[in-house]
Amino acid sequence: MPRIANLFFTCVVCVTAAMILIAAGQTALRDSTHTGSDESHTVRDASVHVAQSESSASENSAAKTFPIIVRKPIGPPRIELAGTDPQGRSASVACSTCHSVRKPNLENVSAATLDEFHQGMTFEHGKIACYACHNPSDADTLHLADGASVAYEDVMTLCSQCHSKQAESFAHGAHGGMNGHWDLNVGPQMKNNCIDCHDPHAPAYPKMIVGFKPKDRFNEPTDPAEH
Amino acid sequence: MTDKPSLPIVENFSRRAAVKGGFATLGAAAFVAAVSPLRQAASDKSAAEFMQQHYTELSPEQKADVIARLEAETKQNYGAEVTIGDDRPIPGTKFVYAINLSVCNGNGNCVEACHKENNHDRSTNQSYIRVLEMPMGTMDMEQGTTTYTGAVPKDGKFYLPVQCQQCDEPPCVDVCPVKATWKEEDGIVVVDYNWCIGCRYCEAACPYHARRFNWKKPEVPAEEVNPDQSYLSNRIRPVGVVEKCTYCLHRTRRGKLPACLEACPTGARVFGNILDKDSNLRWILENKRVYILKEELGTKPAFFYYFD
Numbered sequence: 001m002p003r004i005a006n007l008f009f010t011c012v013v014c015v016t017a018a019m020i021l022i023a024a025g026q027t028a029l030r031d032s033t034h035t036g037s038d039e040s041h042t043v044r045d046a047s048v049h050v051a052q053s054e055s056s057a058s059e060n061s062a063a064k065t066f067p068i069i070v071r072k073p074i075g076p077p078r079i080e081l082a083g084t085d086p087q088g089r090s091a092s093v094a095c096s097t098c099h100s101v102r103k104p105n106l107e108n109v110s111a112a113t114l115d116e117f118h119q120g121m122t123f124e125h126g127k128i129a130c131y132a133c134h135n136p137s138d139a140d141t142l143h144l145a146d147g148a149s150v151a152y153e154d155v156m157t158l159c160s161q162c163h164s165k166q167a168e169s170f171a172h173g174a175h176g177g178m179n180g181h182w183d184l185n186v187g188p189q190m191k192n193n194c195i196d197c198h199d200p201h202a203p204a205y206p207k208m209i210v211g212f213k214p215k216d217r218f219n220e221p222t223d224p225a226e227h
Numbered sequence: 001m002t003d004k005p006s007l008p009i010v011e012n013f014s015r016r017a018a019v020k021g022g023f024a025t026l027g028a029a030a031f032v033a034a035v036s037p038l039r040q041a042a043s044d045k046s047a048a049e050f051m052q053q054h055y056t057e058l059s060p061e062q063k064a065d066v067i068a069r070l071e072a073e074t075k076q077n078y079g080a081e082v083t084i085g086d087d088r089p090i091p092g093t094k095f096v097y098a099i100n101l102s103v104c105n106g107n108g109n110c111v112e113a114c115h116k117e118n119n120h121d122r123s124t125n126q127s128y129i130r131v132l133e134m135p136m137g138t139m140d141m142e143q144g145t146t147t148y149t150g151a152v153p154k155d156g157k158f159y160l161p162v163q164c165q166q167c168d169e170p171p172c173v174d175v176c177p178v179k180a181t182w183k184e185e186d187g188i189v190v191v192d193y194n195w196c197i198g199c200r201y202c203e204a205a206c207p208y209h210a211r212r213f214n215w216k217k218p219e220v221p222a223e224e225v226n227p228d229q230s231y232l233s234n235r236i237r238p239v240g241v242v243e244k245c246t247y248c249l250h251r252t253r254r255g256k257l258p259a260c261l262e263a264c265p266t267g268a269r270v271f272g273n274i275l276d277k278d279s280n281l282r283w284i285l286e287n288k289r290v291y292i293l294k295e296e297l298g299t300k301p302a303f304f305y306y307f308d
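Protein sequence lines correspond, in order, to chains A and B. The first sequence: position 207 = 207 (UniProt numbering), numbered continuously. The second sequence: position 182 = 182 (UniProt numbering), numbered continuously.
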C-alpha cells in the first residue's frame, strides 16, 4: 500500500514540475517574439509624450485662454415664397420686403387673427404681442422693452430681459448645452444660444422619445404580479 | 477459505487495497480537474499579461511596453487601430459633476453617448449611466424605475441620471481584496482592468449600482471602436473584470468635456474643476439648491444634483 501512495505522490510532483517548466518556457518564447514590435511602439509613444509636454509648457507660460463661443443666429429670418418663377426656382425675401409697406398692428397677439401670411404658426409664449419683440419700425430687427433696436444675432439680449434667472445660469454654465473644453487653457468651449433649443414662438422644450436602453437586469420589465 | 477455488489476481488484491486504489484514482482525477482552468488561462492570456505588475508599480518603460502590447492586442482581436494614452491627473484639479434635475428630461442621449465613447459591448447596450424615472417629491432611488419608454418627460415624474459618483469615501475601493481599484488625486476612482480578479465585491459595495461586470468578451465592430483610449479609461476591457465611469478621463484629463455632457440636448449637465474658484461648479454649489444621493451613507460623492 505505501508503494501505491508513493507512486501517486511522485506522479503529482512530476505533473506540477512539468506544468511550471512549460509555463516558464512559454513566457520566454512569447517575450522574445514580442520585443521586435514593442520597440517601435515605445519610440513613437515617447515622441508623443514629448510633444504634449512642450505644448502644455508653452501654453502655461503665455497664459493663453480660449474663448467661450456662443452660437449666434445667422441674421434676420428669410421668408420662403410659396410660388415659383417660370424656371421653377423658389425665392426667399427679407421681413422688411412686406413689412415696410404694411401698417403694423400693435395689438395682435396670435397667429389666429392674421388673415394673410404667418398663418398656422404656433404661438405659445405667454400673453405678449408680436410687437413686444419684433420691431414695428424696422422689421429686420427686434427691439427691447425700452424701444432700443437689437439685431437678430443678439437675440439673447432680448430673451434675457424677462428670463434673467436663465440668463444668469447661462452665464455661469448652468443652463444650455455646450461642448468643447472645460479647461479654457486647452481649447475653446461652444455653447448654444436660447433659440437653438427654444422656439421663440413656442419656447417650451419639446418632448423627446427615449431610444437607447442598456440591456441589464435593471432594465428588464418587472413582473407587475410581484408588486 | 483457501481450499475454495478462486481467480489468482483477485486473491492477491485485498478489498481494502481496491477501495484505496479507487479513491486514489478519484483524487488524481479531481486534481487534474482542479488545475485544468490553469491550462485554459494559459491560452486566454499572454504570458506578458500574466506577469504584468500593478499599474501603480509599473516603471515608465514597462508602461510603454504594456500599452504597446494592448494596442497590438486590440488590433489583433478587434481589427482597430487605437492609441492608448496614459493620462495622469492634472495637478490642482478635482473633477466634479452636477446635473440640473429641473431640466433633465430623461431622453437618454447621455446613456448612448457613454456606450459609444467608452467602447461598451454592443450586444448588451452597456453604459455607465442609468436614468431613473422618479415620482415627484422624493430622492429615494428605490422608487425609481429605469424601464420607462416613449415620450418624455412624463407628468408627475422627474429624471435622475445615476452614474459613478466618484465618492471621496468610496466603499468600492475599501472592499477590493487586491487593490485593483483606487482613487486618484483628481478624485476619479479608477480600475486597473489587468489587475482586477473579477470578484465583484466592489459591485456589491457600491450604493449607486455604478459598477458593471463584463460577463462576456465585449463585442465592438472595428469601425465603431473609439480609437482615443486611455489605459485607466475606455480601452476595451477584458472579459471577467469590473468597469466603471471614469468621468471620461481620456477626455477630461486632456481638457475636454465628458461625452455624456456633450450629448445632453437639454444642457442639464455641468462639469468642472471644483478647486477653481471661478468655475461653473462653484457658482452652482453657492447659488442653487444642491442635493447629493444617499448622503446618509457618508460616501461624500463628487457628484451633485441641483434644481433651478
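Heads up, a few of these hints could be off.
[Claimed, not checked] Among chain A residues calculated to face chain B with C-beta under 7 Å, some are:
id, residue
1, 10
2, 133
3, 136
4, 154
5, 172
6, 173
7, 177
8, 181
9, 182
10, 186
11, 207
12, 208
13, 209
14, 210
15, 215
Rather than coming from a laboratory, the hints here were simulated on the basis of the structure. Cβ atoms here follow ideal geometry from the backbone N, Cα and C, with glycine treated the same way.
How the hints compare with the structure:
no.: 1; hint: 10; in the structure: 12 Å, violated
no.: 2; hint: 133; in the structure: 23 Å, violated
no.: 3; hint: 136; in the structure: 33 Å, violated
no.: 4; hint: 154; in the structure: 20 Å, violated
no.: 5; hint: 172; in the structure: 4 Å, holds
no.: 6; hint: 173; in the structure: 3 Å, holds
no.: 7; hint: 177; in the structure: 4 Å, holds
no.: 8; hint: 181; in the structure: 5 Å, holds
no.: 9; hint: 182; in the structure: 5 Å, holds
no.: 10; hint: 186; in the structure: 3 Å, holds
no.: 11; hint: 207; in the structure: 4 Å, holds
no.: 12; hint: 208; in the structure: 4 Å, holds
no.: 13; hint: 209; in the structure: 6 Å, holds
no.: 14; hint: 210; in the structure: 5 Å, holds
no.: 15; hint: 215; in the structure: 5 Å, holds
Comparing the model with each earlier hint shows violations of hints 1, 2, 3 and 4; every other hint is respected.
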